[in-house]
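Novice: Sequence:
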Amino acid sequence: MRERWEERTQMPLLVLAVAFGVAYAVPIVAPGAEPWVHRLCTHVEWVVWGAFALDYLVRLALAPARWAFVRSHPLDLLAVLLPMVQPLRLLRVVSTLLLVGRRARMAPQITLTTYVAGAVVGLMMFGSLAVLHVERDAPNGNIKTLGDAVWWSFTTMTTVGYGDHAPTTGLGRVLAVGLMLSGIALLGVVTANIAAWFISRFERDDAVERRQTELLEALTLEVRELRAEVARLSVPDGAPAKDGAPAPGLPSPTAPRA
22 MRERWEERTQ MPLLVLAVAF GVAYAVPIVA PGAEPWVHRL CTHVEWVVWG
72 AFALDYLVRL ALAPARWAFV RSHPLDLLAV LLPMVQPLRL LRVVSTLLLV
122 GRRARMAPQI TLTTYVAGAV VGLMMFGSLA VLHVERDAPN GNIKTLGDAV
172 WWSFTTMTTV GYGDHAPTTG LGRVLAVGLM LSGIALLGVV TANIAAWFIS
222 RFERDDAVER RQTELLEALT LEVRELRAEV ARLSVPDGAP AKDGAPAPGL
272 PSPTAPRA
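Residue numbering for the sequence shown follows the numbering used here, starting at 22 and increasing by one per position.
Watch out, some of these pointers could steer you wrong.
Stated by the list, open to error - Simulated restraints on C-beta separations:
id : residue 1 : residue 2 : range
1  : Gly-184   : Ala-54    : 26 to 34 Å
2  : Asp-158   : Glu-55    : 16 to 24 Å
3  : Thr-166   : Ala-82    : 40 to 48 Å
4  : Leu-167   : Val-195   : 17 to 25 Å
5  : Val-142   : Thr-63    : 19 to 27 Å
6  : Gln-233   : Gly-184   : 50 to 58 Å
7  : Pro-95    : Val-50    : 32 to 40 Å
8  : Asn-161   : Leu-208   : 27 to 35 Å
These are computed hints drawn from the structure, not numbers from a lab. The beta-carbon is built from N, C-alpha and C at its ideal position, and this holds for glycine as well.
Please build the complete structure, drawing on both the sequences and the hints.
Specialist: If you want it as structure tokens, here you go:
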């Protein structure tokens with residue numbers, strides 16, 4: 022039952038996640054928009070969070086062992102509970118990414134490469150918007166435009182860190198630490214995936230080579246047996262063998278006569 026619910030709600034939740042991204046980005050990219058636009062975006066954010074919270078509760082209710090479900094899905098529970106604290110508004114970004122990521126990993130048709138690429142794009146987008154929202158009005162901040170924020174996110178996730186743009190507020194530095202750790206983790210996933218692909222390819226090639234060697238040895242043995250059988254059948258009864266010995270059952274021509 023829970024698997025059926027997850028399969029049916031996967032696409033609607035992904036659509037809601039996209040709506041959340043748009044609602045979060047509009048007030049930051051267009052801070053001078055009408056007040057009702059900001060209110061609408063805020064309502065959309067909370068509606069999306071409520072949908073993911075409801076999805077978690079339904080999956081919890083459908084789980085055969087509820088306590089085991091809670092222990093095996095700690096990130097889901099954390100992502101649902103933390104945004105309820107009003108000062109932690111930015112955690113709604115993290116919670117949405119976590120919940121979408123968890124649901125995406127459950128989909129068998131989404132490969133690891135697609136998931137990693139989507140995670141990189143999502144983290145860069147939300148990281149850029151979040152740091153721009155925090156640093157734009159900071160007195161000593163140097164991240165004032167969306168271009169600066171995207172460039173900072175890219176250099177931070179790749180752990181290059183040119184230093185031309187850097188957060189100056191505490192929350193901005195927390196975001197920087199999160200992006201650094203995420204970049205290292207994603208790089209490790211990609212590296213491990215490539216290494217596993219090479220190892221599996223080598224193992225498959227070795228298995229094929231061993232199989233071919235075994236078949237060749239079996240074929241060689243069979244050919245030897247066939248040659249021996251042909252040689253035995255090609256000698257007529259009473260004909261001398263190749264070494265000059267008489268055929269079985271015939272007297273030697275040089276033996277004395279009785």
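Novice: State for each hint whether it applies.
Specialist: Hints, verified against the model:
| no. | hint | in the structure |
| --- | --- | --- |
| 1 | Gly-184 x Ala-54: 26 to 34 Å | 33 Å, holds |
| 2 | Asp-158 x Glu-55: 16 to 24 Å | 20 Å, holds |
| 3 | Thr-166 x Ala-82: 40 to 48 Å | 46 Å, holds |
| 4 | Leu-167 x Val-195: 17 to 25 Å | 20 Å, holds |
| 5 | Val-142 x Thr-63: 19 to 27 Å | 24 Å, holds |
| 6 | Gln-233 x Gly-184: 50 to 58 Å | 56 Å, holds |
| 7 | Pro-95 x Val-50: 32 to 40 Å | 33 Å, holds |
| 8 | Asn-161 x Leu-208: 27 to 35 Å | 31 Å, holds |
This entry satisfies every hint, going by the numbered hints stated previously.
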